[in-house]
Structures are given as C-alpha cells and as structure tokens.
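J.: Residues per chain, in single letters:
There are 2 protein chains.
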Amino acid sequence: MASPIDPTSAAFLLTENRNMPMHVGGLQLFKKPEGAGRSYAREMYEASLDVDEIAPLFLKHPYRSARTAGQLVWKPDDQFDIEHHVRHSALPKPGRVRELLELCSRLHSTRLAWERPLWEAHIIEGLRDGRLAMYTKTHHALVDGISAMRLLQSVLTTDPDKRGMPPMWAAQPGTRSSRSDDADEGSITDVPVHALRSAMGITAEAVGMPGALVKTISKGLRNETSALSLYAPRTIFNQQITGSRRFAAQDWPVERLRAIGKSTGTTLNDVVLAMCSGAIRTYLLELDALPESTLVAMVPVGLNAKQSHLASAEGGNAVGAVMARLGSHLHDPADRLKSIHASMRDGKEGLSSMTPAQIMAMSAIGQAPAILTPLLRMQGIVRPPYNLIISNVPGPRSTHYWNGAELLGTYPLSIPINGMALNITCTSYDGKMCFGLTGCRRTVPHLQRLLTYLDDELKALEKAAGI
Amino acid sequence: MASPIDPTSAAFLLTENRNMPMHVGGLQLFKKPEGAGRSYAREMYEASLDVDEIAPLFLKHPYRSARTAGQLVWKPDDQFDIEHHVRHSALPKPGRVRELLELCSRLHSTRLAWERPLWEAHIIEGLRDGRLAMYTKTHHALVDGISAMRLLQSVLTTDPDKRGMPPMWAAQPGTRSSRSDDADEGSITDVPVHALRSAMGITAEAVGMPGALVKTISKGLRNETSALSLYAPRTIFNQQITGSRRFAAQDWPVERLRAIGKSTGTTLNDVVLAMCSGAIRTYLLELDALPESTLVAMVPVGLNAKQSHLASAEGGNAVGAVMARLGSHLHDPADRLKSIHASMRDGKEGLSSMTPAQIMAMSAIGQAPAILTPLLRMQGIVRPPYNLIISNVPGPRSTHYWNGAELLGTYPLSIPINGMALNITCTSYDGKMCFGLTGCRRTVPHLQRLLTYLDDELKALEKAAGI
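Those protein sequences? They're chains U and H, same order as listed.
The first sequence: position 267 = 917 (our numbering), numbered continuously.
The second sequence: position 282 = 932 (our numbering), numbered continuously.
Extracted from the complex, chain U is given alone in its bound form (with noise of 0.2 Å):
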C-alpha cells in the first residue's frame, strides 16, 4: 500500500544530491555489561537483527513510477532484508576514537539509495579500551536531527538489568515513553517521539506554500530585527561542498561549563557557543582565515507557549531561532562570552517579540536551509545570514543502558550543505556534553583540530572565569 509523501519529505529526498546527502546520524558508546564475554558484540547484533516486526517509519521507502503518476509516494518494502540495514563492523587497528571517527566519517558521507528504507545500523567493535559503538543513520525525510535523537533515546532503559530490550526498529505495542526526564533552560525543549516530524510539520508548510512565508521570513530579515542579522561575513564555511565528509566528537563535564556559566552570569548554552567561537577563532587564524567582523551562528532555541503565543496539540512548546554573534574577531575569551551572552539575550527578547508566524519561519530556515535558500533567492536575498548552526539538545541526565550496556555518550551527526560546510550539533548526557562536528572533508580541511581548540577555550574560558 503505498502512502503520500508529505511536502516536506519529499523536497529533502529531491534536493538531495551526491553532495548533499540529506541524513542524520548518531553514534552512541557503549560499556559492556559486567561478564561480557569476546563474542559480546556478536551477541548485540543479533539481538539487533532478532525482531518481531520492523515499525512502519523503518520499513517504508520512497517510489515513483508510471502508475503513481510520477508522484513520489512512501511504499512498505516487500522484500525488507534487515541485514541489508543493520550491520556488523569492526575497527582496524590500532582500534582509537580516530578509527572510529573515520569510520563513522565514511558511512556519514555515502547517500541511502532509495530503492530501500531509508536507514542504516552499524553496531562496531575493535576499540582497543573495549568499549562498543553504535552508528546510525536516518534520512531527513523519515525524521530530523532532535527526533533521531530522541527516538535513540527512546529504547534506553535506567535499569541497567533490564533485559530483552528491542532495538530502535522494532514495532512496538503502545506508545513509547519518550519524554526525556528533563530538559535544560535556553535550548530545544521535548519534542514527542511519537510525533516524529513534528518541528518539521512546521517547516512542510514554509514549503507547501512559499509566497506567505517567505514572504515573511524575508521582511524579518531585511528589517533587521534583534534576533536577526543580515550580515554574515563570508568564511570558508560558506562555500560550495562536495560529499566527503569528515566527523569529529568529543565531550566535556557538564559541571566545567556550567561552573563557568555561575560565576559569569551566563547560560550553559552560552558557554557552548563560547568554547565553539574560541575554537572556531583558532582555526581560522591558523588558516589566516579569520574574517574582520564577527561571525554569526544560527542557534534553535525552545520556546514556552506563552513565549511564542503558540500551542501545538502536543501540549505548547514551539521553536524558534536566535542568530547569534559569537565574537570571533574578539581576543579574549571572557569578552567573547560577554557578547554571545548579549546577543542571545536580545535575540531571545526579539523571539518573543516576534509574531507566531515569523517564529514559524525562523524555525523552517534553521530547520531546511537547503529547502529555504533557494526561496530566500527568489526574495532577493542572496547571502545567508548566518554562517554555521550550533544546535544544544539536552539529553536524559541520568545513566541510562539497552539490554545491561551501559551508554556512555551520545553525539549527533549532521548535513552540511552548500554555502554551510560545518554543522555543530551538542547534546547532554548524563553529566556530560557531547559534541558532534560534522563538516565537508575539503572545505574543512582537519576538521579533527577543532576537538583541541575546544578543549583549549574550555580551559581559556575557566582562566577568565578565575576557577
């Protein structure tokens, strides 16, 4: 039986190309269970293939033919072979974190053909330190970035003896508890699992109907309004792509930047995009690359109904997008702090100033730039706004384990895109702050070095802060 292809969907499978595949990725580590023995990844992997029945998102896949009149439209595969999706890997050696991040860099950069569903798991072992890793990957038009996020999140348990747990793919009875346990100030609020696509419902109809819209995200931004800015200055992140991709992950105790946070009268979340703009500062200049005035970052940010004037039938959170100057052309580091801190103040004090449907389409541009640009165009307005996206998504605070392996970090995989070359994709968990730097291997030459210059603002920023 097939199904229609919402709007939306359908334009990320048609704007995809070979240099722009549209999926999202995570990779999860995982500690093996107390006893496990050499053949334990094995075992999770056919545990992995060992399902009742795959759940619908996981089993369609995208099909145009002659008696769907051309139309795309969503098909069940019926020759679903599930060893196709999920699959066993392993490192070469010496079996590093860098091993695993080129491994991940490579599955990262090949498109999902559409002849089958439209996701891939790859369960890796070889990590000299004995620990397990978890790579996946879901096209854009199955679900974004937060909901693969959360729908990861979703088959963990916080009972590290709980067993018989299905994985991701597997149709499950009922609704899924999905709520994460909490969720952090200044950032993505929940998002329901079982409302997979619904950030992306909001951008569908920035699609569906581009005149009113756009027409709207264009008057923001050529008013200038305190959450938005005009001027980007261009960097070589702002350039064509090509479809090789480099990722880098690493994570840092949420108490160091939360220490920082308290004792600058600042947001973790400010804290973040600080340690992002040092690093990026540092990486430019390396490359005598660093533009004169400040570069701007597209930031998603939550908002409560009220903010937003909105409530959507899953009870009243909505998102919005703040774009903030990171003071990358400043030297020091607890200036750069002061003025993201700034800029996302006034950004976030002009969100709620904003109109539902200008809050709608600062989602949509945050959400589908590769959609968007091109309408962006059609208004005249040719360079973006902005020149990266730093998304935070909180994550659970609590330890949480799938079939006894206990997660020990979790870090998301992002699209770059034309004229948009590095995402930097944050999450919380368990204490700790995951990021995940996805770029273009060529326009980002070493995109590796940005994990030092990280954690070298990190220690800039606790000098300034004087812990």
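Simulated from the structure, these hints should not be mistaken for laboratory data.
Hints may contain errors.
[Claimed, not checked] With beta-carbon atoms standing in for the labels, derived distance ranges:
| id | chain 1 | residue 1 | chain 2 | residue 2 | range |
| --- | --- | --- | --- | --- | --- |
| 1 | H | Asp-1105 | U | Asp-1105 | 53 to 59 Å |
| 2 | U | Arg-778 | H | Glu-942 | 54 to 60 Å |
| 3 | U | Lys-1109 | H | Thr-718 | 52 to 58 Å |
| 4 | H | Asp-731 | U | Asp-731 | 42 to 48 Å |
| 5 | H | Leu-935 | U | Val-701 | 52 to 58 Å |
| 6 | H | Asp-1105 | U | Ala-716 | 46 to 52 Å |
| 7 | H | Ala-763 | U | Asp-731 | 17 to 23 Å |
| 8 | U | Asp-1105 | H | Lys-812 | 42 to 48 Å |
| 9 | U | Gln-729 | H | Glu-942 | 27 to 33 Å |
| 10 | U | Gln-721 | H | Arg-688 | 26 to 32 Å |
| 11 | H | Ala-821 | U | Tyr-881 | 43 to 49 Å |
[Said to hold, decoys possible] If you want the footprint, here are the derived chain H segments under chain U, 3+ residues with CB under 8 Å:
| id | region |
| --- | --- |
| 12 | 685-691 |
| 13 | 722-733 |
| 14 | 737-747 |
| 15 | 761-770 |
| 16 | 987-997 |
Please read all numbers here as calculations on a predicted model, not as lab measurements.
Ideal Cβ placement from N, Cα and C applies to all residues, glycine included.
With chain U fixed as given, assemble chain H onto it according to the hints.
T.: For chain H alone, kept in the frame of chain U given last:
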C-alpha cells in the same frame, strides 16, 4: 569531456536494479611480508591511496541529463575522491574466514551509485591467522568478470622484493604486460587487458542488432545440436532472485584434481564440473529438491583460431560455450564424471562445427544472459537452456606478489540474475584451484554448505579413481 557509452555497457547499466546489481567482484588473500609490523594493513591502504593519476577507466561515471539529450554518456568525475573508492576495513571477532565471507557478501550486495565512478576496493584486516584480504568491486559496464580478474593480476609481479608498485586503479605509462604466463586447456584462454571489454565486444554486437544474431541463437537452440540442450529441469536456482547475496570460497590443490583426471582419462575442467555436480546433488537432495533429470551447466570454453574459424585482432582466440549435462541424477561419482566428460567432448566437437556467428552467439548467451533473456523470449524461447553457469578461468601458475605481500589465493564473485540464482567461477593460481560461489541469499539458502559438499565430492572422486 563526455564520451559515448557503447550499447552493451548501457544495457548493463539500464537492466540493473536492486535485485540484480551488475558488478563483478574479486577476493584476494595476501600474506604479509617478513618483518611487517602491526600497522602493515594501514601502510598497504595508504600505499593504495598514494596514486599520481587515476586510470581513465576508474575515473568515469555514467551521466545523463537534458544537456546530453537524455543519452547516457561517460563523464570524468571532476570531484573524484579516492577515499570514497578505496577503503580500509576490519573483521569482527573471531576473525575467521566466515567473517570475511560475510563481509564480502554484504559488500557485494550493494549497488554502485551512478553519481561516482563504478568501483570500490576494500583492504581488510582482522583475519586471526594474520592474512590480509582485498575485496574489489567493478561494474560490468567497465569490465567483464574475466577481464576484472586479469586486471587484478596485471599489477602483480613474481618478484617478492619489488616495491613501489602501483595499485590497479593507477594510470600507467605504456601498456601493461597482462598475458598470464600460462593457460590451461579446455578453458577460456588469455584475454588481453588493454582490450578490456573484448569478450564483451561480441555481446555488444548481439545486443546492438538483435535481429540476425539472436535468430542464430534461437535457431541453434531449436536445432538441438549436440552443443546445446534445450531441456534443463526447473530447480530452486531458476527463479526470481532478491538483492541479498551470499559468497562462499575455498581452494583445493590443482594436483589432486589433476590426479583424478589422469587416472580416469578426463580433463581438469571435467573434474571441476564433477565436483560441482556432486556438491549440487547433495545440496539439492538435502532440500528434497533434486530433479529427476540432469542439471545442465553453461560452461564457457576457449577455442583456438583454427577451431573457431575466427581470428580476432588480438591474435586469435575466441570464446564459446558448451551446455554440459552434469549427471546430477546419477548416484555414482564415477558415472557423473564419465557423463560430464562425454557431454563436454560432444559439446566442443559441436562447437568446432559451428559457424563463427553461431559461436559468437553462444558466447553472447554466456556473457549477458540478463540482457539476452528478453530477446530470446521474443523468439519464443521461454526457458533458459541451462541451470547455472560454471566458469573456470586459468590464472598464473607461479607465486605473485604486490609490494612484497604474497598473493595466497584469488576468488571471483560473480553476478546472479533472475532465473539464475547461483554462479560458480573458478580460477587456478599457484597450484590451487580457487572456487568462488555467488548466490542469492534467499533463493539459495545455506550456500556455504556447498563448500563442504565440494570437499566431500573431491574425496569421493579420488576414491572412485582409486587414488
């Protein structure tokens, strides 16, 4: 600069679908040189990336657009990314041959995307015995299976001390010395590498102008000459296939096979076919699916210029095909071998009395069944005249090396198609007969059992021959 795609290559590209990927593969096993360190696989991988210029064959990809007036053309990849094509992989624990064959099965199941050059090479570490493996995958639109094997061999040397050797995909000054240093009787003889698709050239003609040549085939089949058999029973191999693959490979000393031939007055190739026949018989008996009449195998054979009345520009070899009755309904191994020997002798005699056009037509059946099947059907020939293809391609008799690493064995992966779910291709190398079995995983369950049965059958034949 775009260049035209010949009709056969285009046909391979256009008939391809999810269930019938049209690429051939090769698995090569290497022994590390003396004194190789723990990171030898990585060094080998890095050496294969370190290429000044890519050979044009490995740089072009199919392309079609309004600018090419909808025609499929070859276009050099102007964003060629060698790290997409050459990959460094590892096997999960325990790193047996089983894990290697599983990885090859998986890699062989996935289609090559048109948006990039149509090949991949995977350098694989993690075999517990310390050997290294390389799996290569090349689209049939670039090379046929035999040329692919020759191409792999063409970069090797008999000199264990030679270093600085380029990989297969490097552009090379001058022509390669590609003729293998020996060729076995009764099999396909040498195909020069610099005329990569020479065997396919014949098929191109068959496809390019279906009329005359297909009529010849159809006439040949209807005449039931001794070289042909119109009656092949239906088996589980002759049904629609899926896109899942299983690959199994093993080698046996050529000496053992040769001794059986000597003692029974049969050829090496007869013994290979008898091993296959006995193994398939046991396999089908176990599934309660053995037909009462014999299975028929299509066996490509080499013909010298005199036999074929054909002298190609390359100096005179042509390829024909014999329909070999495998005697799979016979209980006694010695009877099966006798029956195969008689069938092959008659078949080759039949071939030598055929006209050049008929031989070309026979050849075409073997090379491109997926393309010819619909053409034959137009001629009223509904059922394939054989149950499976068994090829035996002679390779070098001496030990070969790549940058000091000794090639231990080389195993071909072929193309199952609808109605022909199992393919067996053998190649001799350095005193070993290397078998590669490629099947649809769903249509041919537990394919790997055939390896055990091949071994059993070799023993049974030795016993029957009084060895």
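J.: If a hint holds in the structure, say so; if it does not, say that too.
T.: The hints, checked one at a time:
The beta-carbon spacing between Asp-1105(H) and Asp-1105(U), approximately 57 Å, falls within the hinted interval of 53 to 59 Å. Distance hint check: the CB atoms of Arg-778(U) and Glu-942(H) are about 58 Å apart, consistent with the given range 54 to 60 Å. Taking 52 to 58 Å as the suggested C-beta distance range, the pair Lys-1109(U) and Thr-718(H) conforms, at roughly 56 Å. Taken as a hint, the range 42 to 48 Å is violated for the pair Asp-731(H) and Asp-731(U), whose Cβ atoms sit roughly 28 Å apart.
Between Leu-935(H) and Val-701(U) the beta carbon distance is about 34 Å. The supplied range of 52 to 58 Å is therefore violated. Asp-1105(H) and Ala-716(U) have their C-beta atoms about 50 Å apart, which keeps the hinted 46 to 52 Å range intact. Against the hinted window of 17 to 23 Å, the Cβ-Cβ separation of Ala-763(H) and Asp-731(U) comes to about 19 Å, which satisfies the hint. Our hint of 42 to 48 Å for Asp-1105(U) and Lys-812(H) holds, since their Cβ atoms are close to 45 Å apart.
For the pair Gln-729(U) and Glu-942(H), the beta carbons lie near 31 Å from each other, so the given range of 27 to 33 Å is met. Our hint of 26 to 32 Å for Gln-721(U) and Arg-688(H) is violated, since their Cβ atoms are close to 55 Å apart. Between Ala-821(H) and Tyr-881(U) the Cβ separation comes to about 47 Å, which falls inside the hinted range of 43 to 49 Å. With 3 residues having a Cβ less than 8 Å from any Cβ of chain U, the region 685-691 of chain H passes the three-residue criterion, so the hint holds.
Counting residues of the region 722-733 of chain H whose beta-carbon sits less than 8 Å from any beta-carbon of chain U gives 3, enough to reach three: the coverage restraint holds. Check on the region 737-747 of chain H: 8 of its residues sit with their Cβ under 8 Å from a Cβ of chain U, so the three-residue criterion for coverage holds. Against chain U, the region 761-770 of chain H contributes 4 residues with a C-beta closer than 8 Å to a partner C-beta. That satisfies the three-residue criterion, and the hint holds. For a cut-off of 8 Å, the count of residues in the region 987-997 of chain H with a CB near a CB of chain U stands at 0, and the three-residue condition is violated.
Hint check: violations occur at hints 4, 5, 10 and 16; the rest are consistent with the structure.
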